[in-house]
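Protein chains: 2
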Amino acid sequence: MRFEHIRHKPPTPLDRERELVIALAPMRSNVNLSRIVRLCGCAGIRRIIQCGSGKVDREIARDAADYVEVIQRRSLAPAMEQLARDGYSMVGLEQTTNSVCLFEFPFHRKTALIVGSEREGLSSEELAILHHVIEIPVYGQPASYNVATATTMAVYEYCRQFPNG
Amino acid sequence: MRFEHIRHKPPTPLDRERELVIALAPMRSNVNLSRIVRLCGCAGIRRIIQCGSGKVDREIARDAADYVEVIQRRSLAPAMEQLARDGYSMVGLEQTTNSVCLFEFPFHRKTALIVGSEREGLSSEELAILHHVIEIPVYGQPASYNVATATTMAVYEYCRQFPNG
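Line order of the protein sequences matches chains V and U. Mapped onto the numbering used here, the consecutive letters of the first sequence carry residue numbers 7 to 171. Mapped onto the numbering used here, the consecutive letters of the second sequence carry residue numbers 7 to 171.
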């Protein structure tokens, strides 16, 4: 047989720790939050900053609930300012003026990916702290990706550019 | 201001209809099914083949519930054989022997992406119909992506390679 299942394949080792941090505006949905936590766990991302009172559902996040550190902050803008001072390239995921298509965006290794909430996205105060905004083309209906789906695409693209960390 | 919100940006027009079809093994979770339907709607994919008795939740799929045709089939292998006869490149999403990393996989424009169920993945009968198997590297914990998350990454990569259809 040409293709045979490989069950429980061990994870690909990273040459270095991922320098990608995800910072989330208050998510309306714990499901979206928990899906993003699982995504980060699988992708080798060790740190999420979460604003608001969202709770991680361990049924959804699985082992990522332990693998990923979820840091709670009261509001996003001060957390972003700290990340900018720490030398992160500040990249928002949003549709704005001057946004760049994710297909063509070269990430810095040390990046903070800033993700807005499901309805409101990122505020103008938050947008002002960003160095770049990336957007993902939508081709059909509905006119926007779910927030966890969009985050998945951005994380995938980062990992594609830095397959070994 | 450098970055200003663009609300309700119209979708990017495709130069031609997407020739990507998604065929799903019976999903255990209607949430995963419905997330994949929304994903396809946003990505301009007009056709999903679904096996099993899953129901699309319109709250999750949104307008994609109308935009995407969800074709019901009793079992996956005969549906796959039909797609192969229709000239589709048959690409499975799975961890198998001889699978290729999604990062390095050049899609054919006319592709059927075959997605296994949450637990069992694709059967050996289904794997035997495939031309290619793609896998997505996992770097941490848990050791596998959620099925809708993995499908999101494969659809993103296809759209990246064919940004205009």
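It cannot be assumed that every hint is accurate.
Since the list gives no way to pick out one identical chain from another, each pair is judged satisfied if it fits inside one copy or across any two copies.
[As the list claims (entries may be wrong)] Simulated crosslink set (EDC-like; lysine to aspartate or glutamate; CA at most 16 Å straight-line):
1. K116 with E141
2. K15 with E131
3. K61 with E75
4. K61 with D72
5. K116 with D92
6. K116 with E25
7. K61 with E10
In case anyone wonders, no lab produced these hints; they're calculated from the structure.
| query | Looking back at the numbered hints, which does the structure fail to meet, lowest number first? | reply | 1, 2, 7
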